[in-house]
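**Q** Each chain is listed here by its residues.
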Amino acid sequence: MSTDVTAKTPAPAPPGRSGPAQGLLQAVLDGLRRNMRQYGMLIALGLIVVLFAIWTDGDLLLPRNVSNLVLQNSYILILAIGMMLVIIAGHIDLSVGSLTAFVGAFAAVLTVQHGASWPVALVLCLLVGAVAGSVQGFLIAYLGIPSFIVTLAGMLLFRGLTEILLEGQTLGPFPDGLQKLGNGFLPETGPDTDYHNLTLLLGLVLIAAVVWQELRDRRRQQEFSLDVVPTRFFLLKLTALAAAILVLTLLLASYKGAPIVLIILGALVVGYGYVMRNAVFGRHIYAIGGNLPAAKLSGVKDKKVTFLVFLNMGVLAALAGLVVAARLNAASPKAGVNFELEAIASSFIGGASMSGGVGTVLGAIIGGLVLGVLNNGMNLLSVGTDWQQVIKGLALLVAVGFDVWNKRKSGS
Amino acid sequence: MAGPVLEMRSIVKTFPGVRALSDVTLTVRRGEVHAICGENGAGKSTLMKVLSGVHPHGGYEGDILFEGEVCRFRDIRASEQRGIVIIHQELALVPHLSIAENLFLGNEHATRGLIDWRETLRHATELLRRVGLHDHPETRVADIGVGKQQLVEIAKALSKQVRLLILDEPTAALNDEDSGKLLDLILELKDQGITSIIISHKLNEIRKVADSVTIIRDGRSIETLDVKAPETTEERIIAGMVGRDLDHRFPERTPHHPEEGAAPALEIRGWTVHHPVDQQRRVVDDVSLHVRRGEIVGIAGLMGAGRTELAMSVFGRSYGRYAAGTVLKDGAEIRTRTVAEAVRHGIAYVTEDRKHYGLNLIDTVNRNVSLTALDKVAKRGVVDEHEERQVAEGFRKSMNIKAPTVFEPVGKLSGGNQQKVVLSKWIFAGPDVLILDEPTRGIDVGAKYEIYTVIDQLAAQGKAVVFISSELPELLGMCDRIYTMAAGRLTGEVPRAEATQEVLMRRMTKDTRDEEVTP
Chain A
1 MSTDVTAKTP APAPPGRSGP AQGLLQAVLD GLRRNMRQYG MLIALGLIVV LFAIWTDGDL
61 LLPRNVSNLV LQNSYILILA IGMMLVIIAG HIDLSVGSLT AFVGAFAAVL TVQHGASWPV
121 ALVLCLLVGA VAGSVQGFLI AYLGIPSFIV TLAGMLLFRG LTEILLEGQT LGPFPDGLQK
181 LGNGFLPETG PDTDYHNLTL LLGLVLIAAV VWQELRDRRR QQEFSLDVVP TRFFLLKLTA
241 LAAAILVLTL LLASYKGAPI VLIILGALVV GYGYVMRNAV FGRHIYAIGG NLPAAKLSGV
301 KDKKVTFLVF LNMGVLAALA GLVVAARLNA ASPKAGVNFE LEAIASSFIG GASMSGGVGT
361 VLGAIIGGLV LGVLNNGMNL LSVGTDWQQV IKGLALLVAV GFDVWNKRKS GS
Chain B
1 MAGPVLEMRS IVKTFPGVRA LSDVTLTVRR GEVHAICGEN GAGKSTLMKV LSGVHPHGGY
61 EGDILFEGEV CRFRDIRASE QRGIVIIHQE LALVPHLSIA ENLFLGNEHA TRGLIDWRET
121 LRHATELLRR VGLHDHPETR VADIGVGKQQ LVEIAKALSK QVRLLILDEP TAALNDEDSG
181 KLLDLILELK DQGITSIIIS HKLNEIRKVA DSVTIIRDGR SIETLDVKAP ETTEERIIAG
241 MVGRDLDHRF PERTPHHPEE GAAPALEIRG WTVHHPVDQQ RRVVDDVSLH VRRGEIVGIA
301 GLMGAGRTEL AMSVFGRSYG RYAAGTVLKD GAEIRTRTVA EAVRHGIAYV TEDRKHYGLN
361 LIDTVNRNVS LTALDKVAKR GVVDEHEERQ VAEGFRKSMN IKAPTVFEPV GKLSGGNQQK
421 VVLSKWIFAG PDVLILDEPT RGIDVGAKYE IYTVIDQLAA QGKAVVFISS ELPELLGMCD
481 RIYTMAAGRL TGEVPRAEAT QEVLMRRMTK DTRDEEVTP
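Residue numbers (UniProt numbering), protein chains in the order written: chain A, 1 to 412; chain B, 1 to 519.
Since the hints were derived computationally from the structure, they do not count as laboratory data. Fair warning: there could be bad hints in the mix.
Claimed, not checked - On the chain B side, residues computed to face chain A include the following (Cβ under 7 Å):
| hint | residue |
| --- | --- |
| 1 | L189 |
| 2 | D191 |
| 3 | A340 |
| 4 | G358 |
| 5 | A378 |
What the hints assert, rightly or not - No farther apart than 20 Å at their CA atoms in a straight line, the calculated lysine to aspartate or glutamate pairs in the DMTMM-like style are these:
| hint | chain 1 | residue 1 | chain 2 | residue 2 |
| --- | --- | --- | --- | --- |
| 6 | A | K303 | B | E341 |
| 7 | A | K304 | B | D375 |
| 8 | B | K397 | A | E223 |
| 9 | B | K148 | B | D218 |
| 10 | A | K296 | B | D375 |
| 11 | A | K301 | B | E341 |
Beta carbons: idealized from backbone N, C-alpha and C, even for Gly.
Sequences are here, hints too, so could you generate the full structure?
**A** Here it is in structure tokens:
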């Protein structure tokens, strides 16, 4: 056993600057620069929120509006999670908008026309999504048809099937249980405070969990004598995180409480984030997207992984379809139009790469929120949908342009 | 005899970390066919890229004189304007366009942006007649064979008023008949006054068409020989190519004495693979070989000999179309139809092309190291990042991978360190048999020594190592036995004691397609 000398040799100090204060500042700036992708978008999201809050005289951050914002964007965010996986794997899925409409229609036919109970409908709908996803996944993974083509066909096909299923009509209303998926809130218990008790409790538990997780991560890093952020800034980050959750909790708790779909979404983010970071399956998705030939030669079952990624997208699209239908309390042949594009835009704003192999679940959520806040804010300002589209298009260009510019700068 | 048409004087070309050309001088006389000969990586292709402007003026030292004038080419276009045309090994034709369209690509017969089809076809027909190709000019390039495609490339060169034609291993992908035709055409063009430079490994070809041959070794021009002179024998050329500098660049290792009784760790019998597209071509033809535990067995061969194709085909059918052959592990037949199966049977293949087939460059060191054997650091499908980091950290120390942390993206490491990551990844998979394909390609001398030491240790631990390399000194320094391959076939098996560079090179340059193999 030889001692490792190289690791402990301090890097030569850059000439012309010294002193701990400057070193600290330098470290923070370095850290920021290295994580430009993530922090950059988070900061942009913060700026957008602040700007719209000012422009709308605070209306954006009214409890009712925040609650609305969550309900309005939940299905895009659900789709964005699945889309992120698809894009990391180096593919694309154009069919999800039509698929959400189809699943909504299927749910309506089941419950409204055939009187199926809502749990049965829920399970069958998710199953339909899984089947649709696996058929597309099979064609892409095992027959080698490009995903763009397969899902473009799927987009047309599912849209057509939706109209056939609904005979061009809008079908509703849904049973209560299903409606809750789109519009429901956590039930209330306990003493009568001015706030929603369960939501408050949930928020506090969440803060505790986040703090514990961050502390554990930091301890691990120190254990391996890796560079850690200076204590002062670590505390700052922790406080900021806790404060953000607290504010959101208070906002929601002072209205009707946490929407049920937010809790589902939260579970999805945590679950998928964990899978992408820690599970073998997640690693394999990054590997095939990052360098397919190398992944194949490493024994990664690329076809199986691709198949599962599309199967998963189908299930999430079905879930989103249920949420949309429940929220509108009706299945419409025109539901879900352009959802696939919003989900794709969210992924790219959130740091995905066209060539695959890059991206995080959290990134997709941040990207989706940027679009969602833009939508909501512009609605409050009564900007027409014409200009909304223009501005969202520009936002996508700016975000990805910034990414490209930043990468080129750090690459040279 | 007329004066030189081309003079390249003391050309030096360095890439970051590597000196590709240290001092090359080349003189080509007007109207001759001049061959350039040397081992893989000697610098032949780099030299031609300097000449044709791919590596522009300013990026190298030395002078290029073409027809008596100093040339400073900024790009390929500039050299083509002077009449220097290079035909690369990888043909630069667009498969879905017609022969005529390819001939004038970028140089169309057009007025005000509209193509003049009449003139295009007339000119194409004329050019095709000159190269002896009788296909209709409107045939799609994808629909004609590689041999004819090569002729189209030459016709394209003729359309550019070529004065110096450079062919980079023109017959590497051709069968005998097409090779013969192509060589005849080169001689015909010579009669028409076109000077050619031909890069080739095949000594019989050089004897057939060339007037003189310049030998390049380790980035230096060694000598120029008159091919027609009686003293220029194949042995003479081989001696020039391999040189005689075998110094102590390898760890001391005691040669392996195989146990007679035990079955070899890996045995390949009658392995035959067809080209993935051109299914008439046997890229690997009836190859049988074996390697024992603790043994390092080399496979020597020149470009296109089929070594990588053999290895990748055995490793989960990752190349071409399998035609015949069996794989035995410790005497029992095994299936290696997929990479996962091969890995499960304890076989590892370390690719020659780490950037494309070995690493996910945008991912970190630790994740690259763990990828092939993620299950080893995972419980129920969940990766233990703690353990993964320790594994990667262990390799970073033991392999001396120079990276600030194991979280550094692999793309930011130097070539030698990337190679160590690929090796770590496969060592972590815990194989019994390692097939190493050019494990020291493109890395500096220090890192090479470290990798040799690792290979030596692996053999000492009882692993069977197959060592594919184009550098003969490396094979001689490391291997217990060396197989040679040429044109997809095994052309010899040489034990350490009898192996010299000359012996190997003779077998590597033997064209066995028209004679029987004598093992």
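**Q** Identify every previously stated hint that the structure contradicts and give their numbers, smallest first.
**A** Hints 1, 2 and 9 not satisfied by this model.
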